[in-house]
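Chains as they are written, first to last, in the working numbering: chain B, 1 to 408; chain P, 1 to 408; chain V, 1 to 408; chain H, 1 to 408.
There's no promise every hint is true.
The list makes no distinction among identical chains, and a pair is therefore deemed to hold if it is satisfied within one copy or across any two copies.
Claimed, not checked - Restricting the straight-line Cα-Cα distance to at most 30 angstroms, the calculated cross-link-like pairs of lysine-lysine (BS3-like) are:
(1) 266 <-> 399
(2) 262 <-> 406
(3) 224 <-> 75
(4) 374 <-> 224
(5) 266 <-> 374
(6) 75 <-> 201
(7) 395 <-> 374
No lab work stands behind these hints: they were computed from the structure.
Listed here are the chains, written in short residue letters.
Protein chains: 4
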Amino acid sequence: MNKKKIINDPVYGFISIPTELIFDLVEHRYFQRLRYIKQLGMTHLVYPGALHTRFHHALGALHLMGLAVETLRGKGTEISAEEEEAVEIAILLHDIGHGPFSHALENTLVKGVSHEMISSLLMDRLNVEFNGQLTLAIRIFNDTYPRHFLHQLVSGQLDIDRLDYLNRDSFFTGVSEGVISFDRIIKMLNVVDDYIVVEEKGIYSVEKFLIARRLMYWQVYLHKTVIAAEMLLVKILERGRLLALNKFELFATPPLAHFLQKSVVKEAFVTDPRHLDAFVNLDDTDILSAVKVWVNHSDFILSDLCSRFINRNLYRVELTNMPPDLELTVRLKHQAIQKLDLLDEEDAGYYVFTDRVVNDAYKVGDENIRILLKSGEVQDIADASDNSNLISLSKRVVKYVLCVIKDV
Amino acid sequence: MNKKKIINDPVYGFISIPTELIFDLVEHRYFQRLRYIKQLGMTHLVYPGALHTRFHHALGALHLMGLAVETLRGKGTEISAEEEEAVEIAILLHDIGHGPFSHALENTLVKGVSHEMISSLLMDRLNVEFNGQLTLAIRIFNDTYPRHFLHQLVSGQLDIDRLDYLNRDSFFTGVSEGVISFDRIIKMLNVVDDYIVVEEKGIYSVEKFLIARRLMYWQVYLHKTVIAAEMLLVKILERGRLLALNKFELFATPPLAHFLQKSVVKEAFVTDPRHLDAFVNLDDTDILSAVKVWVNHSDFILSDLCSRFINRNLYRVELTNMPPDLELTVRLKHQAIQKLDLLDEEDAGYYVFTDRVVNDAYKVGDENIRILLKSGEVQDIADASDNSNLISLSKRVVKYVLCVIKDV
Amino acid sequence: MNKKKIINDPVYGFISIPTELIFDLVEHRYFQRLRYIKQLGMTHLVYPGALHTRFHHALGALHLMGLAVETLRGKGTEISAEEEEAVEIAILLHDIGHGPFSHALENTLVKGVSHEMISSLLMDRLNVEFNGQLTLAIRIFNDTYPRHFLHQLVSGQLDIDRLDYLNRDSFFTGVSEGVISFDRIIKMLNVVDDYIVVEEKGIYSVEKFLIARRLMYWQVYLHKTVIAAEMLLVKILERGRLLALNKFELFATPPLAHFLQKSVVKEAFVTDPRHLDAFVNLDDTDILSAVKVWVNHSDFILSDLCSRFINRNLYRVELTNMPPDLELTVRLKHQAIQKLDLLDEEDAGYYVFTDRVVNDAYKVGDENIRILLKSGEVQDIADASDNSNLISLSKRVVKYVLCVIKDV
Amino acid sequence: MNKKKIINDPVYGFISIPTELIFDLVEHRYFQRLRYIKQLGMTHLVYPGALHTRFHHALGALHLMGLAVETLRGKGTEISAEEEEAVEIAILLHDIGHGPFSHALENTLVKGVSHEMISSLLMDRLNVEFNGQLTLAIRIFNDTYPRHFLHQLVSGQLDIDRLDYLNRDSFFTGVSEGVISFDRIIKMLNVVDDYIVVEEKGIYSVEKFLIARRLMYWQVYLHKTVIAAEMLLVKILERGRLLALNKFELFATPPLAHFLQKSVVKEAFVTDPRHLDAFVNLDDTDILSAVKVWVNHSDFILSDLCSRFINRNLYRVELTNMPPDLELTVRLKHQAIQKLDLLDEEDAGYYVFTDRVVNDAYKVGDENIRILLKSGEVQDIADASDNSNLISLSKRVVKYVLCVIKDV
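Construct the complete structure from the given sequences, taking the supplied hints into account.
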């Protein structure tokens, strides 16, 4: 069988699968399930093109990793065929632990179980299944392999993951603000003392990358409607969970039922394989089919929340620099109680609540981006750049979110 | 409320909703459900970017219709504001009757009920709900309005529907073979004697359009893997239907259960509103969630087919110019019976069967594309064009399909 | 004759000429000469695609102006057909006074005569020729028409000129750093109290625009090689001029000869029509053909400079934040004298010299960009924006340039 | 010095110069002169973006050749580093013999001396200068190297030259009809028995390529206005030549003067190096600066033709399937004599004349494009393809051209 497959990608033209092992990993059902998990959750409500999946993103990142390895080799950094395959596997599988609507899920059904942890568990399983062929990839992923720059390509402030997702998310949303010169950035990469550096000529492209990332946050990732839809999904799953734990009957596919009816803590997830077995059968379809059916559930709150979700009658979201006034929140809850004839403040908490979002365009101190000057010297980008933009970019932006249903 | 919404579209940049009525139609749940119906069904198995929906296509066609009206007005064809809104509504709603995986569905669950008919029924319902404001749109759609060219823009050999879908399908699949000069074609449109004509300068763009359409058929729409996946879905739904009619228990959302448990004929669909009520709740999610669960059904054939679908262990498809040899088919069926321990030839029919696909790039006689020569004369494109390509394009291509599971 | 011409533009697809008067202006030889004047002078030495002309840019700006007028009208700002045509003419002709290699020319052959002044003179001439039909356009251009926002569209911090040139220069150089969401920005424009404002939703697009402009400055407009080539052209024209004034024979087309042999001051340019008559025959061809021939001139300095230009043996350019050390410059000049066997420091000034470049991404105080908040309030963008980026963008960047031939 | 340069290209993103030798060839003045020779001559009169140069095309072809070599190696065809460099040099230099406005020039100033011959002469000169390092490249170019497929990549019915120019010409004209899937075609290339073949999956891309090429002929390369401008340039150069041979004084740069004042036959070109020395100094600038000045020449015909050229008052061009009626031509000539007060029919020949254009989209018999079927068999594309399009494409199209000035 020909395992040198070529895949059409509207973003890069073509993506080649570089080795047979990688081909087999792509074909594996753990990876294939990412076909049904959208990269940007409910963002398509605002940007109807944003239906691309984690499957597509992982393949795109694989492609860019190939280009990065080729560039670094061209500049004299030796990378063995084994290392190349390993770093490609690491990027291919870096997000394999994502569930459907990850943000919502990690706050509800698998509370306390991060997708990073699940990625690790799945890589370990795959490593067993593939007779240890993923060992080096896992070491690179966990940063326990001595050649640190390989890990940086997988996970860092300017990693291949970000290059692909900014690029891909811009492409499918149609938000040109996020367009970055990924090819130029990659061509400017180099390795000095086992660290990834960017050659001086690429400094504007890196600045643009950081700015694009910040703009994408405000324009796409933290768009009020997107926040509203995801928060509503959180509340729906919370309510569904509560009902299920209390033995109410709920339409659900078996894997969804598994997580609705059990409170799975982190330790249990690691020790009892049945949780992971259920998890790898969960995708967007399970969640969405349930929400659609729950519209007609006898529980008023569940049915009402689902109905709002389906009809996009979402929360009104306010983003503020200061935490919302507690008194205001209480007052709004009481209005909700009256308006919807609810029982108490706890029930009102499905309709009025607060949260917090954080955006670091660039984290100072967190393995800064290094610039290789023409002089041969390596400098932190904040020092190498001529302008004070980066200072503002490295300022953590915290916003407080107040969600209130529109009828209040 | 601001109803002059602007929507980001990676294909055209921005799409503006032109009027309040159209805004309300877009917001309507009949239209919003198209968000969950992929334009190209299972094509994303081959082209992972092809996840765009009928919702997005309908908006794109709305946008192009606005450009077409603007062009025609600029050339002196009077089109009233009312007519403009009506022709825009007609194109917006032209596909509203599509169900999930239309081809599969129309061959199984709603056999004999075409999506065109359902579109008509839904437009009528909407017209009632909107107090007759869709009457003109419906007349244009049905070609009962005297200004025939308006109907041609909605439905013809060079209509706005095709311009958008070729464009959009090329974009999201990444198959540049289908790229067409939609903007040039639109700028070359004109009206003579109530018929749409293309100005002579646009003749190459029209030729390119016809060729692109043919190439998209072979490279995308009739790609063997796409055919295999859709045929497999047909067989799954057939089997599920059979089991349901025989009172086997089957996991299904309520709208899917409705169509599994009943044989709805065309007349019933028109007269009993419950069928349409169920239909408008059906989308890709309902089908896919069921298939995932059915993998574990006790019926071997259903479970086996679903398992093949999920694991993309699809049929081997052969396309031939002549019908496959009947004897060969019988022999293959018998192999399947042995291999899978099946009961009889009827059961084997889920694993080995034949079908037919047809492709008319350009139908001669079916309201031919007219070219407006510089001399003022109007000519059929086949006569106006210098080359004999169009003759070959107008040759109907019929291919015979033989589907056989891979293990046989 | 059909004057509703459509022009293919790789940037926007198609550009339509909106009225007959504008068609006639486009056809006029004053405008057609812009076909032979590159927008970015010698930038094509670095970015080989950057061959686009001022002709193409002016047409692009015309196109965007049409979109802007359409948007503003759609939001309720009345703009008469006469005003529309006038503001379109104003943008079409805003750069008509540019000569070949404008920067070089304005520092040498037409010293003290700005292209803005020449644009004004040419518009006045055209107004006479077209019987006063340009009067309103000229008033808008000069900001003497009461509706100030129309002038702002032609010339301001976020004008149509900049939108097109950033877009077009990015496109043809291939520098994706400069890509801006021109269509989004235009769709977000509005008018409040006769001032152009941007609706709040467009704030990220405006930030991106300002950042893109700054990046294009450093990556393209002030690229060292581009500076080096243009400076060398200045020195060549200075030397040629000196020789011509001293009656040396020099190959030159008649319009170039006109400006080589005369020192035309600003007043003379206005009062004596022969200067403008010669100017409108001058384009890139005249300069480049002369430089090629002068390679073989008997004057060593002229011949040497031209030879360096043709062989791209350009200056080494250093950009510094502080003025270069005077002593260093003198030392370098002396080295040049020795190396090239020159006469004196004056001659060495062709080979070693200093200059200054300035870049304001955003000028505070200079009619700031205004944001229309959702509340209806209008705010300066620096106040409306969440981040401190704009402060750094509004910091004027001054760089000192030191040019030295490479052999020293 | 860093000779691993990267060049921004709006078409492909980035082009890398692969080796030092190739870097030195790119820097050579013979190659650099292509910066001033537009790929499409006067086509920019119709498509204002079409200003790209033969320099840019040659670099683009170099880039694609690198991709082709990589693909073939990936499929097991061994290509040594030396062969790779040689085939890259061959494609880089394949058009180095082009002069300005090649078609016009080859019909006038260097009649009988083809650009192919000049390319050969220049490669030989370069080979001497580079101490024989081009020998292998020249053998590949001349098809005297045994591995025939390398030659086919440089020159064949589906060569890298055509892939780049179709792509590039579409891009810069904005004519999307010519867009081809160059990346897909390249990925489908393979070698069987020393011949280039296309894998079966690529057959639609090849069909599309052939069709795109034909459409580009009619829409761009043989656009009536382009023909008219180039024919006018032919007549201008013919007239200028006649005057020069008759010792009239004519403004001209030295290299242009060289060819105006001499009748250089093919043999002389080969034997006397002064002709080639003059030729390598000739570019678009020389021709255009002369035409601009000749507008004021005392010879009525020269001055009149140049004036028409500058003011784009071009011929009316008629393309017909049959040769124009001789009698009609004579009658038109007589009208021209009267109208313009010309001397005789010979003079009228500048204003009224006929010519012929030929277009072979695909030449049967001329080393046909070969398809590698999945079965392993190699077939001619005409046999492998399902449709009769290719028959029509392989029909030579001959058109007769009648050029008449517009005032007649």
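* **Hint numbers contradicted by this structure** => Of the numbered hints given earlier, those the structure breaks are 2, 5, listed in rising order.
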